[in-house]
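These protein sequence lines are chains S and R, in that order.
Residues in the first sequence are numbered consecutively from 4, following the numbering used here.
Residues in the second sequence are numbered consecutively from 3, following the numbering used here.
For the record, the hints were derived by calculation from the structure and aren't laboratory data.
Any given hint could turn out to be false.
Claimed, not checked - Dumping the calculated BS3-like pairs for lysine-lysine here, alpha-carbon to alpha-carbon at most 25 Å:
#	chain 1	residue 1	chain 2	residue 2
1	S	K378	S	K402
2	R	K104	S	K378
3	S	K198	R	K104
As the list claims (entries may be wrong) - The following label-pair restraints were derived from C-beta to C-beta distances:
#	chain 1	residue 1	chain 2	residue 2	range
4	R	Q10	S	D373	36 to 42 Å
5	R	D30	S	A32	46 to 52 Å
6	S	N22	R	L69	52 to 58 Å
7	S	R196	R	A33	41 to 47 Å
8	R	N65	S	E129	19 to 25 Å
9	R	R57	S	S130	54 to 60 Å
10	R	R79	S	L386	56 to 62 Å
11	S	H174	R	Q20	40 to 46 Å
12	S	P48	R	D86	39 to 45 Å
13	R	H19	S	G409	34 to 40 Å
14	S	A408	R	H19	35 to 41 Å
Glycine included, every Cβ here is placed at the ideal spot set by N, Cα and C.
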Amino acid sequence: MSHLPIIQHPDAAAIFVGNRARTQWHDSALWFVREKRDRMAKSIPEWELLRETASGIKQHTIANMADYLEKFESAAIAAGAHVHWAIDAAEHNQIVLSILREHGVQRVVKSKSMLTEECHLNPFLESQGIDVVDTDLGERIVQLRRETPSHIVLPAIHIKKEEVGETFHEHLGTAAGASDPKYLTEAARGHLRGKFLAGEAGITGVNFAIAETGGIVVCTNEGNADLGASLPPIHIASMGIEKLIPRAVDLAVFTRLLARSATGQPITTYTSHFHGPRRDEAGNQTGQLHIILVDNGRTKIRDSDEFRAALGCIRCGACMNTCPVYRRSGGHSYSSVVPGPIGSVLSPVSDPSGYKSLPHACSLCGSCTDVCPVKIPLHHQLLAWRKELASMGLLARNKRWAMWAGSQLFQRPRLFAAVGWLGRNALRWTPRFLIYHRFNVWGQQRELPVPPQNSFRHWWRMHQHLTPPTVEGLADREAGQVRSDDIATHAAKETVSQ
Amino acid sequence: MNSHDSRQAILDRIRTHQVEGPSLPNIDHEALVRYPDPVAHFCQTVQSVGATCHRVSSPFQVNEVLLDLAPFRDARRVASLCPDWVTGNTDLRMYDDPHYLKGLDWLIVRGEFGVAENGAIWIDTMPLHHRASLFITQYLAIVVREQDILHQMHAAYERIGQGIRRSFGLFVSGPSKTADIEQSLVIGAHGCRTLNVFVVEET
Chain S
4 MSHLPIIQHP DAAAIFVGNR ARTQWHDSAL WFVREKRDRM AKSIPEWELL RETASGIKQH
64 TIANMADYLE KFESAAIAAG AHVHWAIDAA EHNQIVLSIL REHGVQRVVK SKSMLTEECH
124 LNPFLESQGI DVVDTDLGER IVQLRRETPS HIVLPAIHIK KEEVGETFHE HLGTAAGASD
184 PKYLTEAARG HLRGKFLAGE AGITGVNFAI AETGGIVVCT NEGNADLGAS LPPIHIASMG
244 IEKLIPRAVD LAVFTRLLAR SATGQPITTY TSHFHGPRRD EAGNQTGQLH IILVDNGRTK
304 IRDSDEFRAA LGCIRCGACM NTCPVYRRSG GHSYSSVVPG PIGSVLSPVS DPSGYKSLPH
364 ACSLCGSCTD VCPVKIPLHH QLLAWRKELA SMGLLARNKR WAMWAGSQLF QRPRLFAAVG
424 WLGRNALRWT PRFLIYHRFN VWGQQRELPV PPQNSFRHWW RMHQHLTPPT VEGLADREAG
484 QVRSDDIATH AAKETVSQ
Chain R
3 MNSHDSRQAI LDRIRTHQVE GPSLPNIDHE ALVRYPDPVA HFCQTVQSVG ATCHRVSSPF
63 QVNEVLLDLA PFRDARRVAS LCPDWVTGNT DLRMYDDPHY LKGLDWLIVR GEFGVAENGA
123 IWIDTMPLHH RASLFITQYL AIVVREQDIL HQMHAAYERI GQGIRRSFGL FVSGPSKTAD
183 IEQSLVIGAH GCRTLNVFVV EET
């Protein structure tokens, strides 16, 4: 992989965060999706069993990946598909190009595929003189604006309808100033119908690949992937090798989890199962299906005991929708194809130096881990990455210095007490301009807390003679009878009286 | 590197690093949701995903209900895979190339079965001749029998069984839709503009 510029998440997020109204709008748009997800998850009594099972299926498949890949390949070939293998993005793109060249294809219609984004397929094909149209509405908006998706499921979540209106006015000739989503969607429908009918090949991603049957499954709402894979005779499906599942019955688990976790729908509108090429009523082949199996760093993730579970990701985006950092900093601040918690785990594998700031764009609240449908321990992995980056010498200088200072402090109780006293008093008496300035990032866009009068150690000395809560005491408290000598009660009084 | 070398390289890379994994889990069907009235739940879910659900006692009522809909009365090209109940004027097998279907207004098909938990209907596309017809048609209607409503997806995949290997099959749950502009739900993205589902009581 080529060396990318180093991404500093805080700097990249600064512009987005600077616009308070937009940040709040973005935050609430994603929280709306998160709430829909919660309602859907709660409608299924066996939700946790599904997550547990999905996690088990993925772990099992990742462990036995070579066998399942071979099984998938032979079943897919038996069904009439062509199977290609690509070790990296460059090889993937070359394979796509050679299929297109072989059939003299000039115009391609493409549905949403994070893998092709990861491989930067569009710019590559364009450089080879091939016209590529993204047909997912959100992706088309982003493509016309010459941007990249900011979310893996909702590519245009960062764009306002007025901005979509301007883009469509310029490119599709919609009325100036029009911003009604229904009107704009109808315009895109008309525009893209023409593209679908003119397309000579369709490229789709893959949500699941069934080792047992050699089939692939694509889940969409708009119907764009199906039009692209059904109108032109050539269908190219690109998939990461981690998309495998062993059996068709395993799809029941994943189709129940995917859309509920992603957008809060009970299932996507279309869940399409492709086994081999297009056929007519009599079973005669009327097209071609090419499946490209791509590694591009996935086997490297599999090698790592710490991060292997991240390969189970089904790209639902639930971890982004719930992430307090993602919701407020926007997807582009991650400068990686997959943003949010899962992106912050996956991106540094390919380029630890380039993406070293991403595992720090996290408060370790653990919400991502709680919503992940395949139970990837995301926040544990983000913490593990920080350790890894430190051991690789990739910690930023200010973090390295702070860690060193912290270590000195915690080793010396007297120094710790002295610095505590200094901090409590300094925060109280120092003039504002000495605290709130551009060098103190902790004082930017927030007020620092009011320091307590005394240290915890002081508080402890004052209270340690009190009876600790007994088992009976705790039972009483649960029953609503708070004992007067309960430490917690005293502590509460103390706080109030200050 | 050619694709064959890459194949070997990927498989070798995986095999040189042995990983312990759990055995393949099977879900306990006893633990799965069952609805007291799956047909009623199915109809309710179909409505909630943006389709219109009609419960009819006989398949011969389908045509009557459709004739109440202006887009059906005004339709110029109608393809029906249920000719006994709804008469079409377009034979999908007449065309070699699906591009000729671009003017298709209505398509009426049979659903193999429906799923109560998510309103999805399984469609075997082989009789359609062109699978594109399902997505290119402006309006779609699916007829499914009451006795073919299943509780959840586990029952669905069990029922499909080896039939899944037949070229192309899919679940349809509601009309095509998008919320890509500011999370505003718009029905009728690239596929059908509306979906009418008929649940027939009579066997």
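Hint by hint, here is what the structure shows:
no. : hint                       : verdict
1   : K378/S x K402/S            : violated (30 Å)
2   : K104/R x K378/S            : violated (44 Å)
3   : K198/S x K104/R            : holds (12 Å)
4   : Q10/R x D373/S: 36 to 42 Å : holds (41 Å)
5   : D30/R x A32/S: 46 to 52 Å  : violated (38 Å)
6   : N22/S x L69/R: 52 to 58 Å  : holds (53 Å)
7   : R196/S x A33/R: 41 to 47 Å : holds (45 Å)
8   : N65/R x E129/S: 19 to 25 Å : violated (49 Å)
9   : R57/R x S130/S: 54 to 60 Å : holds (56 Å)
10  : R79/R x L386/S: 56 to 62 Å : holds (60 Å)
11  : H174/S x Q20/R: 40 to 46 Å : violated (52 Å)
12  : P48/S x D86/R: 39 to 45 Å  : holds (41 Å)
13  : H19/R x G409/S: 34 to 40 Å : holds (36 Å)
14  : A408/S x H19/R: 35 to 41 Å : holds (39 Å)
Consistency with the previously given hints fails for numbers 1, 2, 5, 8 and 11, ordered from lowest to highest.
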